[in-house]
Each structure stands twice: as C-alpha cells, then as structure tokens.
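Peer 1: Residue numbers (the numbering used here), protein chains in the order written: chain A, 211 to 465; chain B, 24 to 543.
Warning: the hint list may mix true and false statements.
[As the list claims (entries may be wrong)] The list that follows gives simulated cross-link-like pairs (lysine to any residue, SDA-like), each with its CA atoms no further than 25 Å apart:
1) K189(B) x A440(B)
2) K189(B) x Q517(B)
3) K189(B) x G325(A)
4) K189(B) x A399(A)
5) K189(B) x N334(A)
6) K189(B) x H333(A)
7) K189(B) x S336(A)
8) K101(B) x G369(A)
9) K189(B) x T419(A)
10) K189(B) x A398(A)
11) K462(A) x A435(A)
12) K72(B) x A320(A)
13) K72(B) x G223(A)
14) K189(B) x S401(A)
15) K294(A) x T419(A)
16) K189(B) x G400(A)
17) K189(B) x F339(A)
18) K314(B) x K72(B)
19) K72(B) x T59(B)
20) K101(B) x R298(A)
21) K189(B) x K462(A)
22) K462(A) x K101(B)
23) K462(A) x L226(B)
24) K101(B) x V293(A)
25) K189(B) x G369(A)
26) K168(B) x A187(B)
27) K72(B) x E88(B)
28) K189(B) x R243(A)
29) K101(B) x V244(A)
30) K189(B) x V244(A)
31) K189(B) x H228(A)
32) K101(B) x S401(A)
33) K189(B) x H345(A)
[To be verified] Short derived list, chain A residues pointing at chain B, Cβ under 7 Å:
34) R247
35) G337
36) D341
37) H345
Don't read these hints as lab results, they were simulated from the structure.
Fair warning: this is a prediction, and the values are worked out from it, not measured in the lab.
Virtual Cβ for every residue (Gly too), placed ideally from N, Cα, C.
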Amino acid sequence: MLSPRALILRAPGTNCDHETAHAFERAGGIARRVHVRALAERPALADDFQILCIPGGFSYGDDIASGRIFALELTSRLADALVKFRDRGGLILGICNGFQVLLQTGLLLADPVSGAARASLAHNTSGMFIDRWVHLRAVPGRCVFLQGMDQFELPVAHGEGRFVTRSPEDFAAFDAAGQLVLRYGVDAAGSSCNPNGAMGDVAGVCDETGRILGLMPHPERFIDAVQYPAWNGHLAPAAAGAGLPLFANAIKAVS
Amino acid sequence: MLADFVLEASRQRLFHAITDCGAGGLSSAVGEMAATLGAEVDLDRVPLKYDGLSATEAWISEAQERMVLAVAPADWDKLARVAADEGVEATAIGTFTGAGTLVLRWEGRTAGELDCHFLHEGRPRRRLASRYVPPAVAPVAWTGKADDSLSACLLDLLGTPDIASKEWIIRQYDHEVQGCSIVKPLLGPGAGPADGTVIRGVLGRDRGIVLGVGLRHRLGTLDPYQMAAGGIVEAIANAVAAGADPARIALLDNFCWGDCRREESLGTLVEACRACYDMAVAFAAPFVSGKDSLNNVFAWTDAGGTHHERSIPPTLLATAMGQVEDIHRVVTPDLKHVGNRLAIVGLSRDDLAGSQLELVGRVRGGRVPEVDATACRQVFESVAAAQRAGLLAACHDCSDGGLAVAVAEMAIGGGAAARIELAGVPLQAAGNAPNGSALHSDLTIAFTETPGRFICEVPAAAADRFAAHMNQLLASQGPHMPWAWIGEVIAGDQLEIVSTTGTFAAVSVANLARAWRGGT
Numbered sequence: 211m212l213s214p215r216a217l218i219l220r221a222p223g224t225n226c227d228h229e230t231a232h233a234f235e236r237a238g239g240i241a242r243r244v245h246v247r248a249l250a251e252r253p254a255l256a257d258d259f260q261i262l263c264i265p266g267g268f269s270y271g272d273d274i275a276s277g278r279i280f281a282l283e284l285t286s287r288l289a290d291a292l293v294k295f296r297d298r299g300g301l302i303l304g305i306c307n308g309f310q311v312l313l314q315t316g317l318l319l320a321d322p323v324s325g326a327a328r329a330s331l332a333h334n335t336s337g338m339f340i341d342r343w344v345h346l347r348a349v350p351g352r353c354v355f356l357q358g359m360d361q362f363e364l365p366v367a368h369g370e371g372r373f374v375t376r377s378p379e380d381f382a383a384f385d386a387a388g389q390l391v392l393r394y395g396v397d398a399a400g401s402s403c404n405p406n407g408a409m410g411d412v413a414g415v416c417d418e419t420g421r422i423l424g425l426m427p428h429p430e431r432f433i434d435a436v437q438y439p440a441w442n443g444h445l446a447p448a449a450a451g452a453g454l455p456l457f458a459n460a461i462k463a464v465s
Numbered sequence: 024m025l026a027d028f029v030l031e032a033s034r035q036r037l038f039h040a041i042t043d044c045g046a047g048g049l050s051s052a053v054g055e056m057a058a059t060l061g062a063e064v065d066l067d068r069v070p071l072k073y074d075g076l077s078a079t080e081a082w083i084s085e086a087q088e089r090m091v092l093a094v095a096p097a098d099w100d101k102l103a104r105v106a107a108d109e110g111v112e113a114t115a116i117g118t119f120t121g122a123g124t125l126v127l128r129w130e131g132r133t134a135g136e137l138d139c140h141f142l143h144e145g146r147p148r149r150r151l152a153s154r155y156v157p158p159a160v161a162p163v164a165w166t167g168k169a170d171d172s173l174s175a176c177l178l179d180l181l182g183t184p185d186i187a188s189k190e191w192i193i194r195q196y197d198h199e200v201q202g203c204s205i206v207k208p209l210l211g212p213g214a215g216p217a218d219g220t221v222i223r224g225v226l227g228r229d230r231g232i233v234l235g236v237g238l239r240h241r242l243g244t245l246d247p248y249q250m251a252a253g254g255i256v257e258a259i260a261n262a263v264a265a266g267a268d269p270a271r272i273a274l275l276d277n278f279c280w281g282d283c284r285r286e287e288s289l290g291t292l293v294e295a296c297r298a299c300y301d302m303a304v305a306f307a308a309p310f311v312s313g314k315d316s317l318n319n320v321f322a323w324t325d326a327g328g329t330h331h332e333r334s335i336p337p338t339l340l341a342t343a344m345g346q347v348e349d350i351h352r353v354v355t356p357d358l359k360h361v362g363n364r365l366a367i368v369g370l371s372r373d374d375l376a377g378s379q380l381e382l383v384g385r386v387r388g389g390r391v392p393e394v395d396a397t398a399c400r401q402v403f404e405s406v407a408a409a410q411r412a413g414l415l416a417a418c419h420d421c422s423d424g425g426l427a428v429a430v431a432e433m434a435i436g437g438g439a440a441a442r443i444e445l446a447g448v449p450l451q452a453a454g455n456a457p458n459g460s461a462l463h464s465d466l467t468i469a470f471t472e473t474p475g476r477f478i479c480e481v482p483a484a485a486a487d488r489f490a491a492h493m494n495q496l497l498a499s500q501g502p503h504m505p506w507a508w509i510g511e512v513i514a515g516d517q518l519e520i521v522s523t524t525g526t527f528a529a530v531s532v533a534n535l536a537r538a539w540r541g542g543t
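Throw the hints in and build the complete structure from the sequences for me.
Peer 2: Below you can see the structure in the form of structure tokens.
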C-alpha cells in the first residue's frame, strides 16, 4: 500500500505549513502544501489525499477576524469539495488558525439545521497574544487523532483561542456527545494551564464522527524532544515529542 | 503575502536582485540597484493607492510592503503566476539598460535623466569634525547602607530592568513558529533566561544557527570604545555559551546615537567604530550587515526661553550569528543535577563603573571594565572545546550583574540549588576598591562585570577531564585565561554564597525567581 497522503492547505499568511507537512512526513505519510487558489481552481486535487489539514498562521492577516476570510474563501469556493472529502471518509485537522477556519466553515460544531456556528474562538481574556506551553488532558472517545493519548504538553501561540459556545446548552450537548476531546490541564504546581479563558478548559473538539479535529495547541511544534523548552538535560535529545502520536494516529487510521 | 511571494519566487530562482522600498521609496531602491547598469523606469506604470499623484510622488513615495525585483524577461510570466497565486500585485515598471543612465518617464515624456555615476559619486563629500575627550575617572565611593548584605544586593540586582525577566514581552511573540527553535529565550524547568538562542536551520536536520546579542549601554557615556567592544564580546559570549563555534562568528551592528553634527557626539561614534574594527579583527568575525539610528536628540525651550538639546547616550547593540554542527549536543544555562560542579572560566577585575551594582546605588566611580580581546578569544575557544567534548551540563556567560547574578539565573532556570565560594574566584585587583570593607570585596567579586567570563556546570564524572582540559590550555596559552572551581549544585532550595571571610549568604531560589520576575 502506498503511503497515506496529507494535503496541507495554505492561504496567504499561513505560516505553520512547513512544520505541519514535516510532522505528517515524520509520521510516515506524504505531505503536500497546496495553495487554496490551486485547490479552488481544481477541486479534484483533493481526490489524491486521505488527510486534509488547515495549519496555523494568520491567514489573510487575520483581517476582520482570525480565519474569517479563509473560511469565507473555503465555503464560497470549496464547500462542496470539503463536504465530499469528509463524506468519503477523509480526515480533517485544523490547528490554531485552522481550527478557527473549521468552526467558521461549519465543518465543526455547526447547527445541523441552519449550518450556523454553535461555537467560536474569541479573544483571549488577557487581551493579548500568548506563546507558552500547556499541560493537556485528552479524552479521545472516537476521535481518531487522539487515540491512546492521555496527558501531555504542547505549546499554544494565539491571540484568539478562547473556546465559547453559543449557549450553555450547546456546551452541555457537545460535552454529552463526547466532542470536547481535549482540555487544558494543570501544571506540576497545580495551577490551571488554561491560557485564554476557554469554557470548560476546552482546547480541542471533534465532530460527531471523530474524523474531524480542531485544536488550539500546536502538535506540529513538538515532534522532537529538542523542541521542548526543558529538553536539555531532561529528555533524550533524539526522542519523539508528544505531538507526533497525533499525526501517527491519522496516518494509521487511513492506511 | 509579500513574504510568501518572495520566498516562493526565490525558491524558483525567478529574480536576480531584490531591494525593499524603504526611505526614498523607488528612488532609493531602483537607484541603488541600477547604480552601475542604469535603468529606464515608466513611473506611470507604478500602481498607486490614490489618484492625482505626481511623477515625483510616485518616485519617492515610501509606501510600505513593496519590493523591487530584477527579473529576466524570460522569467516574467512565471513570476507573474507566482504573484497571482500568492495574491500579490506584481508590475513591470522598467528595464535595466546597461547605459549607465537613470531615465524616468511619465505619460510619454522624460521626467528625469541623470548619469548614474554622477548620481552616486558626484556629490561633494561632507566633512565633519569630531572630538573625543575621555571623561575623568571618578574615585570609587561605596554608597550602600551600613546594614547592606550580599543577599540584599543580589535581590535588588535581579530586579533591574536590564537583568529582570523579559517574559512579559517574550510571551507576546510567537517565538516557536515554524518549529525550529531549539534553545528558546526562556528555558529549563524554571523558565529561566537563555544566553543565545539556537534555531534549527532545516527541519529534520542537525545543524543549527545560534544568535546572541550584547548591549553595554550603561558604559556609553563613560567610554564609548569599551561600550561597543564590551557589547560585541557579550554578543559572541552569548552565542558561544549556546554552542556556537567561536571561529565562525558573523556580526551585525546597530548604532543608536545622538546628533552626529556635534563634534562630541561624532567623537564617541568614532570611538565605537574603532572598537568595531578592533573586535572584528581580533575575533576574525566580519560585520555582515547593520543598521543605524542617528540624531536621536530631544530639544526643548525652558520657561526662561533658553534652548536645550539632549542627545541619547551612545549605544551599540551587537548581534553575533554562529553555527552549531549538531543541535542535540548544545547545553543550556539552567542547572541540571545535584552533585555537578561549578567552574568560572576567565579572569575577574575590580572595575565597577557603569555596573548594575552602581545602578542599584551601592557604588560610584572607578574604571569601566575593559575588553582583553586575546584573553576573551582564548576563553571562548576553551569553553567551546569543553562543550564539544561533552564536558558541560550547563553554560552561562557572566554579563549584567556579574558572577552572582549569572549563577542565580542558572538556579532559577534549573529550579535547583547551588553553593559558590567567592574566595576561589580568580581576581586581578587593581586597587579600584580602596577603603573597602570585607563586604565591599565580596560585592566586587560577586557583581563585577568583566567581559569574557563563563560559569560552567560540569558533571561530577567529567570534573577531572574538565580540569585537565583547562589546565592544559592554561599551560599552553599562558596566564590569560585562569579558571577555578567555585562551587557545586546542591540539594535543597537555596543559593548559598560563601564570602571571602567564610560567612554565608543564603537566598531561596523561589525568592530569587520572584525578584527576577519583578515581585517583592
């Protein structure tokens, strides 16, 4: 069997596409960075791939709101292609800005009738961009990306990452459905790692099928031990990072 | 978008030269690129944001986010395709002609024509006078309170703006984007400060790029030569501590100066430039680029109608770029393991002028710390060799706040305790601390800022090999680079400093961290 292929969809301002492609390749896949315009011109490009990933960055300069223009471009020009990709069993991953795009395109947590977003990512309560490492707890359920993952650390880097739902009832419904699969945990001193004020410490969510995942932390930035801020003297330098299993799970699921 | 476009066009090798539109807009960018070839520019093809601009305005507009590229005609279609893909507007505005003349056209007419040689070389050279009079060295005066202590000084020093944690600003920048940062600005279990930072050149490969910076701005008004030289040495030391090969350093300068039409300001600039030359030669480290911001002057008229002008202190920010063969082998400054030994490499001198100890009100006057480039080079080579040989667990240069602040920062980063003994520190006392009490001697050793010194954490099992390595260099290279064991990583939660008279100063690492983070 040929190696699974991951399409890394980039737009102007996407700046995490190279390391995301690298992460899929380290996990045993073949990754191709494809510009959104190229895919819009030829949606059939997606047929060659089993995984589609929207990486982090500041797509279109985050003008209007994070991910908004990218999401509009996707829905206006690629909605059919994305739905088709999902419906034929493709995996979809959105990281940071890409998570914001998935919520706004309606691929994640949308109202099944109206298609309206039932959740969004608001400005951090601090009002500031933050780059730091957080402890995370995964409750994977049927989310294919997080299988076998429990507690681990990853970096976050965002200004708009505060997960909020349209209503408390929506939150309870997503919770009951097992879609709130990744949460900020506590550090060694027992302090909360929630960096943005997210409801219920939610860091990542999946769709009903578990085949679409959006998350604020950056798994592609912890593929090797040496990317950890305290690796030196504490981790074997050649060891894998805690983010690699997420990509390996995706590759395995479509192999 | 523009950056994505340039990177992709570069990857496909679709242009020969590139200049960004900064001061002077197209006039400067095209003018520089066409300095020898000459060019014809159709200014009416330049995309404008507003109607009604003149040819002159199109030529000198400093609108941002614009680049001028030299593109072979055969590559134009490919370049235009990349621009369209990236959502960037690319317009052909002219041709490099080879005629040595710069011709500007506007709506079919010639709007300007000048010989390039005349344009670049024709203007008369400006002559400015400079004068430099070194300020007199003030006698040393100890100005601390009677009940002062090593611990009180250390806690005060950790909170000065130069030394205190920069975490509040570091966290607001994405310093991990693209996944290549290997030694980050905050590191270790305690998120302490780094010396230099290390960036993996290409994902998945072992080679790394090391960046270090140095700034000795408090020396600027005292001795601009030593300010600049000390900054350059600090930048290289930071890079070497982070694993850079000292034989392969490239430098950048960033001059921030006052009104250089004043003879005195120009005099300090000449002193700093002499230092740049001397250091570049001494360390075989070329300046590959730089930046200047001159004429930083504040002018005002007081209530009595008198005009005043105040220039900023002469300031050089130096950046050192280095390389490391294998990022997996670098060491960071945070303390690692109980039982490891601590060594200082490099000679300390009792020159406290411009020091952080002066800033916190403990001392005034004295001489500024001087760079001994020969000694620094040998210290750099010895530390780099020890690191290559795997003899180090941690390495930190001594800069602002000297030895004691360096060890405190290592303890904060590692969340580890340590003991150091000041009596063992190799010191060249020039008698610059007269009338000093025992405390004053201790403060001098603990906090003097002599350039070109490192604290090394050495695994206990490697201590003999480290000592042999250093002693061999000491024997072969003469007395330039003394070193000594000064302490060890200990169990517990305190930094203990044993004074020259055998008394103990002890501060918990938690309190050190709190002071460094701006708490009380």
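Peer 1: Does each hint fit the structure? Answer for all of them.
Peer 2: Here is what the structure says about each hint:
Annotation: proposed proximity of K189(B) to A440(B) holds, straight-line Cα distance about 22 Å (limit 25 Å). Distance hint between K189(B) and Q517(B) is fulfilled; the C-alpha atoms sit about 23 Å from each other, no more than 25 Å. A C-alpha spacing of about 45 Å is found between K189(B) and G325(A), which places the hinted pair above 25 Å, so the restraint is violated. Restraint check: the Cα-Cα separation between K189(B) and A399(A) comes to about 22 Å, which is no more than 25 Å; the hinted pair holds.
A distance of roughly 21 Å separates the Cα atoms of K189(B) and N334(A); the hinted pair therefore holds under the 25 Å criterion. Using a Cα cut-off of 25 Å, the hinted pair K189(B) and H333(A) holds, with the two alpha carbons roughly 23 Å apart. Annotation: proposed proximity of K189(B) to S336(A) holds, straight-line Cα distance about 18 Å (limit 25 Å). Only pairs whose Cα atoms come within 25 Å are accepted, and K101(B) paired with G369(A) is rejected, the gap being roughly 37 Å.
For the hint linking K189(B) to T419(A), the alpha-carbon distance of about 44 Å lies beyond 25 Å, and the restraint is violated. Simply put, K189(B) and A398(A) have alpha-carbon atoms about 23 Å apart, close enough for the 25 Å limit, and the pair holds. For the given pair, K462(A) sits about 22 Å from A435(A) by alpha-carbon distance, which is consistent with the 25 Å threshold. A hinted pair counts as satisfied when its Cα atoms are at most 25 Å apart, and K72(B) with A320(A) does not qualify at roughly 40 Å.
Annotation: proposed proximity of K72(B) to G223(A) holds, straight-line Cα distance about 22 Å (limit 25 Å). The hinted pair formed by K189(B) and S401(A) meets the criterion: a straight-line CA distance of about 21 Å does not exceed 25 Å. Only pairs whose Cα atoms come within 25 Å are accepted, and K294(A) paired with T419(A) is accepted, the gap being roughly 15 Å. For the proposed pair K189(B) and G400(A), the alpha carbon gap of about 24 Å is at most 25 Å, so the pair holds.
The suggested pairing of K189(B) with F339(A) holds, with an alpha-carbon distance near 15 Å, which does not exceed 25 Å. Restraint check: the Cα-Cα separation between K314(B) and K72(B) comes to about 29 Å, which exceeds 25 Å; the hinted pair is violated. Distance hint between K72(B) and T59(B) is unfulfilled; the C-alpha atoms sit about 31 Å from each other, more than 25 Å. Of the supplied pair hints, the one linking K101(B) and R298(A) is violated, its CA atoms being roughly 35 Å apart against a limit of 25 Å.
Restraint check: the Cα-Cα separation between K189(B) and K462(A) comes to about 42 Å, which exceeds 25 Å; the hinted pair is violated. Using a Cα cut-off of 25 Å, the hinted pair K462(A) and K101(B) is violated, with the two alpha carbons roughly 38 Å apart. With a CA separation close to 23 Å, the supplied pair K462(A) and L226(B) stays within the 25 Å bound. In summary, the hint linking K101(B) to V293(A) is not supported, as the alpha carbons are separated by about 33 Å, beyond the 25 Å threshold.
For the given pair, K189(B) sits about 19 Å from G369(A) by alpha-carbon distance, which is consistent with the 25 Å threshold. Restraint check for K168(B) and A187(B): the C-alpha separation of about 23 Å stays at or below 25 Å, so the hint holds. Between the alpha carbons of K72(B) and E88(B) the distance comes to roughly 13 Å, so the proposed pair stays at or under 25 Å and holds. For the proposed pair K189(B) and R243(A), the alpha carbon gap of about 36 Å is over 25 Å, so the pair is violated.
Proximity of K101(B) to V244(A) is assessed by CA-CA distance (about 17 Å); at most 25 Å being required, the pair is judged to hold. A hinted pair counts as satisfied when its Cα atoms are at most 25 Å apart, and K189(B) with V244(A) does not qualify at roughly 38 Å. In summary, the hint linking K189(B) to H228(A) is not supported, as the alpha carbons are separated by about 29 Å, beyond the 25 Å threshold. This hinted pair does not check out: K101(B) and S401(A) have alpha carbons roughly 54 Å apart, beyond 25 Å.
At roughly 23 Å between alpha-carbon atoms, K189(B) and H345(A) fall within 25 Å of each other, so this suggested pair holds. Hint status for R247(A): holds, given a least beta-carbon distance of 6 Å to chain B, under 7 Å. The interface hint given for G337(A) is broken, as the beta carbon of that residue sits about 11 Å from the closest beta carbon of chain B, more than 7 Å. For D341(A), the suggested interface contact is upheld, since its CB lies about 5 Å from the closest CB of chain B, less than 7 Å.
Given the 7 Å rule on beta carbons, the hint for H345(A) is violated: about 13 Å separates it from the nearest Cβ of chain B.
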